[in-house]
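Protein chains in written order, with numbering that gives the first Met the number 0: chain A, 0 to 329; chain B, 0 to 287.
It should be emphasised that the hints constitute simulated quantities derived from the structure, not laboratory data. Beta carbons: idealized from backbone N, C-alpha and C, even for Gly.
With beta-carbon atoms standing in for the labels, derived distance ranges: (1) 48(A) to 58(B): 41 to 49 Å; (2) 53(A) to 200(B): 33 to 41 Å; (3) 144(A) to 98(B): 21 to 29 Å; (4) 98(B) to 245(A): 33 to 41 Å; (5) 268(B) to 102(A): 38 to 46 Å; (6) 128(A) to 213(B): 55 to 63 Å; (7) 53(A) to 4(B): 52 to 60 Å; (8) 193(B) to 45(A): 22 to 30 Å; (9) 260(B) to 67(A): 37 to 45 Å.
Below, computed lysine-lysine pairings styled on PhoX-like, alpha-carbon distance capped at 20 Å: (10) 19(A) to 6(A); (11) 56(A) to 168(B); (12) 286(B) to 9(B); (13) 204(A) to 324(A); (14) 170(A) to 111(B); (15) 204(A) to 326(A); (16) 137(B) to 56(A).
Taking beta-carbon pairs under 8 Å as the criterion, some of the chain A residues facing chain B (in silico): (17) 71; (18) 76; (19) 80; (20) 83; (21) 85; (22) 102; (23) 110; (24) 112.
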Amino acid sequence: MIRTEAKLAMDLLDSKIAQKPTRDGYGTGVIAAAEKDPNVVVVCADLTESTRNLDFKKKFPERFIQVGVHEQFLAAGAAGLAMGGKIPFITSYAMFCPGRAWEMVRTNICLNDVNVKIIGSHAGVSVGPDGATHQAIEDIAIMRPIPNITIIAPCDAVEAEKATLAIAEFKGPCYVRFAREKTPVFTTAETPFEIGKATTFRSGKDVAIIACGPLVHNALLAAEELVEEGLDVMVVNSHTIKPLDEKAVLHAAETCDAIVTVEEHQITGGLGGAVAEYLAKVRPTIQEFVGVPNVFGESGSPVELISRFGMDVPAIKKAVKKAHKRKTAR
Amino acid sequence: MGHLSDKRIKELEIIANQLRISTIEMVAHAGSGHQGGPLGMADVFAVLYFHALNHDPKNPAWEDRDRLILSNGHACPIRYAAMAESGYFPAEELKTLRRLGSRLQGHPERLKLPGAETTSGPLGAGLAQATGLAYAGKMDKKKWRVFCQTSDGEHEAGLHWEAMLFAGKYRLDNLVCIVDRNNIQIDGRTEDIMPLEPLRQKYEAFNWHVIDCDGNNVSAVVDALEATKSLFDKPICVLTHNIPGKGVSYMENNFIWHSQPFKPGQAEAAVDELKAVGAKLEAELAKL
Numbered sequence: 000m001i002r003t004e005a006k007l008a009m010d011l012l013d014s015k016i017a018q019k020p021t022r023d024g025y026g027t028g029v030i031a032a033a034e035k036d037p038n039v040v041v042v043c044a045d046l047t048e049s050t051r052n053l054d055f056k057k058k059f060p061e062r063f064i065q066v067g068v069h070e071q072f073l074a075a076g077a078a079g080l081a082m083g084g085k086i087p088f089i090t091s092y093a094m095f096c097p098g099r100a101w102e103m104v105r106t107n108i109c110l111n112d113v114n115v116k117i118i119g120s121h122a123g124v125s126v127g128p129d130g131a132t133h134q135a136i137e138d139i140a141i142m143r144p145i146p147n148i149t150i151i152a153p154c155d156a157v158e159a160e161k162a163t164l165a166i167a168e169f170k171g172p173c174y175v176r177f178a179r180e181k182t183p184v185f186t187t188a189e190t191p192f193e194i195g196k197a198t199t200f201r202s203g204k205d206v207a208i209i210a211c212g213p214l215v216h217n218a219l220l221a222a223e224e225l226v227e228e229g230l231d232v233m234v235v236n237s238h239t240i241k242p243l244d245e246k247a248v249l250h251a252a253e254t255c256d257a258i259v260t261v262e263e264h265q266i267t268g269g270l271g272g273a274v275a276e277y278l279a280k281v282r283p284t285i286q287e288f289v290g291v292p293n294v295f296g297e298s299g300s301p302v303e304l305i306s307r308f309g310m311d312v313p314a315i316k317k318a319v320k321k322a323h324k325r326k327t328a329r
Numbered sequence: 000m001g002h003l004s005d006k007r008i009k010e011l012e013i014i015a016n017q018l019r020i021s022t023i024e025m026v027a028h029a030g031s032g033h034q035g036g037p038l039g040m041a042d043v044f045a046v047l048y049f050h051a052l053n054h055d056p057k058n059p060a061w062e063d064r065d066r067l068i069l070s071n072g073h074a075c076p077i078r079y080a081a082m083a084e085s086g087y088f089p090a091e092e093l094k095t096l097r098r099l100g101s102r103l104q105g106h107p108e109r110l111k112l113p114g115a116e117t118t119s120g121p122l123g124a125g126l127a128q129a130t131g132l133a134y135a136g137k138m139d140k141k142k143w144r145v146f147c148q149t150s151d152g153e154h155e156a157g158l159h160w161e162a163m164l165f166a167g168k169y170r171l172d173n174l175v176c177i178v179d180r181n182n183i184q185i186d187g188r189t190e191d192i193m194p195l196e197p198l199r200q201k202y203e204a205f206n207w208h209v210i211d212c213d214g215n216n217v218s219a220v221v222d223a224l225e226a227t228k229s230l231f232d233k234p235i236c237v238l239t240h241n242i243p244g245k246g247v248s249y250m251e252n253n254f255i256w257h258s259q260p261f262k263p264g265q266a267e268a269a270v271d272e273l274k275a276v277g278a279k280l281e282a283e284l285a286k287l
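So that you can see chain B by itself, here it is in the shape it has in the complex (with noise of 0.2 Å):
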């Protein structure tokens, strides 16, 4: 364990914070768009933007960058706020999300915003798209990575199970497929709709090495994401569990979650419980 200083840690900490009260004021301000699974992903994302991926947010098309493939194109919210964050588009483009004419349309659009790499949201077709590129990169000899994020729930798509014996097959160990273990998806509980466990075994006979780690957990997603850098002949699943609506105690584990829009006053108490979250971070860091 510990990879990084506490101090940085908690850096990561605030800036996960940060892309939460992100999400939330982007899709208020939309009226429409998903919460719930981006809160859960936003510890994840926080590490990979700022910490575990190579790349340059002043050049999305650099050749050598590591590749974000995000398959539930449905938690873009999380994706945006991190881009803003890290430099790639200014903040205030937020609150263009859905509009007519804005680059962040309800679903990522490749070809509308740089760095978005792919086009997605009908789901389980992220990681086909990101095994074909990492066979790419390994025919090449490329020495950077591919990473897709998935959710738990598109894991019911056929297309999902094609692409995981695909990179089985050829030991595309330059490939990291997260999942967002939340549990939840539009109509219930993943275990209710079509149950995915035991989910690790399945990644393991389709010959992927699996790391789990609790994705809420700045620490852990940090060190989960360092081990796969030396695991080998195999493509690498990271099982993140998180909690969806993370941070918002209202929302947490909450499947209506998923998309329902806000009615008045509660984005802003969502905020608000953030921002409390956020200054007690902030006066943690300054201890440290």
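The shape of chain A in the complex, shown without the other chains (with noise of 0.2 Å):
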């Protein structure tokens, strides 16, 4: 059943559920930041509205810096930028940093161990209509081998907002992806969020799901459904990817013995990769993976698209129930 420590939103389960992308948490968390830290810039190339840097350039405009369409010298400049004291925020779309300024986010802000925070917006398929080209569900698995970076996928807009004000505190590189869609606000101020440490947001027994960003959401409505069908179910919101909660992770599979991962992203490489490596390594447990099952993306609404490469919630329910039959059959 859901966790009332969890303090997740009355209407949670409500389809009338007020929604928010999670970009807009990052908007209005990095004017919190620079509010407390007069370190904090926030670096922009030619995407300040989509971004969601707009309020922050009216307010800052003295800390709001315009690169162009630069995504390479986005993330080298600002290793420079942090070796100057500053806590650059520097904002793209995930496609073009990290993914363009891969080797500089690499080697300039994470070979360097500089105070970098990297806002790659418009991950997942969330970009919807504009197709392949746009859409990054490879993030995650071109950061996860590199030393010194931090990486986090927010559940909702309030989630997104704690990380913001969150890596703005944390010494080091950051990396957070946030969505372009509205999706479901359904955890609120009083949702526990700490770097590094997985929150249990519906406790069960049966199956546990690991999950990140927007689609913790649809794990929850699954695990819902899945009560009728005599599933007891967990749900475990993994915000931060790296480093991984390996104690909750550990204690889902064995309350559970039986774990479904489900993120917006490829399933190679992802949040289910870093779950499958630590179990492998501690407690081997029977694991289904729901992501974009090694294919690129295209056109369409972004729900639509959700459905078609098996991340909605029939999806997610029929990945518990093969992870519970395997379990039995066992």
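Bring the two chains, given one by one in their own frames, into a single complex with the hints.
Quick look at the structure:
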């Protein structure tokens, strides 16, 4: 059942729940972070409005830096800003930064271990109609092997704001992925958030879903629907993908003995991979993977694409049932 | 002309010659590394570390120091030689170049060596970092300046031009980009691989001041770097025209010495030639 300690929204399961894109949470969060710390600056690559930096630009014009369509410079230049004592939030679409700027992110930011915050908006298939070119579904995979980086995928706009504030106070390079499309706002100001600490939103004993990003909501809906089918499903919000909350993952594996990972990302190299790599070492566990199955995206509405690539509620339910079947067949 | 006395110029020439000897010995001892570019840049590094830079070798993290970003990280032997010579670490440590556990990595690393300022090697990324640093310095009204040493070959990287545009846009006159215009890169001459000329006009078109100088003439390098102090409203490019392999007759202007390992006897011959030059310079100094 839903854990009261998670302090989730009362209308969590209501189809009319309020919706907002996670990038909006970044927009308000970065202003709050800038009010707290005068070294916070925003660097933008010709996407001020869509990366939700317009209000920041109005409020802190002297701390807003426009670099134009120069994503490699966005990353490498920010390393220099950080060496000069600034806390740069570098903002673009995830496809371009870290995507296009990967080597600068690796060498200039992470190997230098400088305090740069990489804000990757429009991640996942949520850019919808823009099509495969703009759908960053490999970003977690390209970031995970880089030492020194912290990777976060907030589940809704409220958590996105908390994550933005948290990374401003955290020393070291961070990558946070945000989505373009509106998604349910189902956490509250009181919902716990701490970098590196997964939150169990729903307790259960049959199968554990470990999810990140807005699909955590789909996972909760799937879990509720599965009650009718006699399954008691745990849902863990693993917002921090690196460092993985190994304690929470092990707890989920030991409690349920079957895992389903859910993410709006290629199955290869994402949260599912992180969970599998860890459990293979300490407690091999049955696992099903919900994510994009090694194909490029395409144009369509975000909802259509989530369904097409098998990340909607029916697909999650199917994966949970499969994991449960594998577990009971043993 | 003539910011420094003849005596001081001669002393800097002697230092540059010593940096060349250290470079040869270091790379020969390591068994790999780059020597052609560093030999050509020795005069510039002697002037930077012993005249132009406001720095404190005993306090590499000094807040008010000028920052020197080495963009062409493969040329690090010359920086390591200058750092040792000016007192950042004992000259003995130069023998650890490229060895396991050494602070002197094959390409420099900021977190390993205090004073290295940044990690570099992948080409074209230094000016971007220098530019970000200069922007931060401007925001905080700092007096320190940022120098970025670049190679000419790395001007082929798109990122370098992104940084040039940005520095021009924000009029970063606290930024000096020094170009090792030695006309060679790994595969041959730059103008055959991918022509850069007219390089001066390219910088000017990107809203930079440009100073040309003979990078193997210590007095000319001193004057060029002095001149950067009185240029405003735009970033400054100093095109130092250098002879790769300078000081070692069999290496000069031969692109194969970008990073070719020494054969037996070659390094010793190079050091002997440079020591003879050093003795001549010392004799000249004694007369001044």
